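**Q** So you can see what is in the structure, the chains are spelled out below.
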Amino acid sequence: MLKPKSYPEMMGKALVFEAEPFITMTEDDNPWAEGLFMVALMGLLVGAARVIGSLLLSASMPDPDALLAAMLQGIRQLGPLAASIGLDPAALEGIAQQWRDVGFDLFGYGSGWMRLLWLVLAPMLLIGRWLILGLVCHGVALALGGNGKLNRTLGATALMAAPQMLMLLQVIPFVSVSGLLLSVWSALIVYRAIEVSHDLPWKKAAAVTLTALALLAILTMAGGFMMALITAVWGGAV
Amino acid sequence: MTGDPSLQEGANVNENGRSRFAAWLPTRRQMRNALQLNIEPVDSAVSPDSVTFAGMRQGMGLIVAAALIAGLLPSLFAWTMAARVGTATPLAQLSQLAEARANPQLQGVGIAPVLADSAALIAGLEPAYFPGWLAAGITALGGWINWPLSWLNIWIVYGLAALLLAKLLGAKTTLQQFYTLTSFAFLPLVLTALGFIPCLGIIVNLVALLWAAAIYVAAVRAATGLSTGLSILCALLPGAVVALLAVALAFTVAAGLVTALIS
Chain A
1 MLKPKSYPEM MGKALVFEAE PFITMTEDDN PWAEGLFMVA LMGLLVGAAR
51 VIGSLLLSAS MPDPDALLAA MLQGIRQLGP LAASIGLDPA ALEGIAQQWR
101 DVGFDLFGYG SGWMRLLWLV LAPMLLIGRW LILGLVCHGV ALALGGNGKL
151 NRTLGATALM AAPQMLMLLQ VIPFVSVSGL LLSVWSALIV YRAIEVSHDL
201 PWKKAAAVTL TALALLAILT MAGGFMMALI TAVWGGAV
Chain B
1001 MTGDPSLQEG ANVNENGRSR FAAWLPTRRQ MRNALQLNIE PVDSAVSPDS
1051 VTFAGMRQGM GLIVAAALIA GLLPSLFAWT MAARVGTATP LAQLSQLAEA
1101 RANPQLQGVG IAPVLADSAA LIAGLEPAYF PGWLAAGITA LGGWINWPLS
1151 WLNIWIVYGL AALLLAKLLG AKTTLQQFYT LTSFAFLPLV LTALGFIPCL
1201 GIIVNLVALL WAAAIYVAAV RAATGLSTGL SILCALLPGA VVALLAVALA
1251 FTVAAGLVTA LIS
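Respectively, the protein sequence lines represent chains A and B.
1 is the number of the first residue of the first sequence in the numbering used here; add one for each residue after it.
1001 is the number of the first residue of the second sequence in the numbering used here; add one for each residue after it.
Hints were generated in silico from the structure; no laboratory data involved.
Bear in mind the structure is a predicted one, so any value in this text is a computation, not a measurement.
Glycine included, each C-beta is placed from N, C-alpha and C at the ideal position.
Hints may contain errors.
What the hints assert, rightly or not - Chain B regions said to be covered by chain A (calculated; three or more residues, Cβ under 8 Å):
no. : segment
1   : 1048 to 1058
2   : 1083 to 1095
3   : 1132 to 1144
4   : 1150 to 1160
5   : 1187 to 1193
With the rest of the complex left out, here is chain A (with noise of 0.2 Å):
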């Protein structure tokens, strides 16, 4: 196994495509569970970045309660215009009291200790996708050729963790990383890792990659789509 000390180093070539991370990952003597050690390392490093940030953000900011009051007294003296215009006040009232209730949680504004759920939540989300997408990336690679073992692949896609580092800057409030960013960056380290698990040409593992990346996101539609509909069910029945 490797020293968790040297991760920086091997991410931060990872991030800058060099093939040296990804050969030394494939090498490893246990490559999966260096990887998961790797990438759930990486998820409690983010989700504490975040709950930190949440914190800072909570004490710079001015009290949740306090603000909404402001927001709801500005709706208030809309009210006649927004009516004019088609607009409910009550409803807006509505909206900025669910923003209190929900959208201020998801910043982590005062949410109390419902910020510690990034703890857990940020780990297990980077695992799940690094296991999905190294259990696809390596069929389609085996099946367009690649000789790769499964053992290999996900040590090396592990890698893909390594964008995530910007995500660290999220203990500084209003610090915002871009969700494209840190997907097409995956998506590009993860390409570089196939290419050298599997010692695929550079089409066949971009064809991989995108094939992968493709049958991610139909599963996370076709899991948002199955949440929706239990959500609409359960809520019915209720």
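Based on these hints, arrange chain B on the given structure of chain A.
**A** Using the frame of chain A, we list chain B on its own:
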């Protein structure tokens, strides 16, 4: 194993006589060559001063450093303004924006003055725990950090679109070569630090953008070996498509709003 060959790192990664920090940036001669559009093709570069001798690590460092320099003045200004009000920077900026949009001749009429009053009220709320200057400082720091993050976003995401187009046109390049050379296009954008100056700011921003576009095209040409025309196509087409989509989306939203208001 098949893999994209790494670029020769050149004199930059030689730790002798260079600090570890400097190893994350291209040399001054490389930056000067890039600004002068003197970017040799990858397979013909011989001098360590050539732009193609830099590595992707130096390219990433260049973008981060340039963005931090460009964002320093606006962030300091935002911090000062927010510290005077004694609130977080985004709230102070919201208040300033709302006030600027409220037409003083229509005082008490229309939605804008109401929004301006609400924004001012929100900006006047004290931070929950930190003193005003600290809240302003921490949130301004967040705004400053967003500069390199957004530039990295453009570099990676837009670069991928341009690279895919180049590959479709038959270019033979690697991820590292392409991203290394295109990173130099962000150098002139340091001038956007002066964008806040009235009148002059618009000219400076325009010069910076045009200069950056020219370096980007030269970098694409050097990395891919494509002709100048095809390099321009690869470099600018993704941006044109995004701009068209944005216009179409704005038009659709506006049409929907107008329809809703009329009905």
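**Q** Quick check: which numbered hints come out false for this structure?
**A** 5
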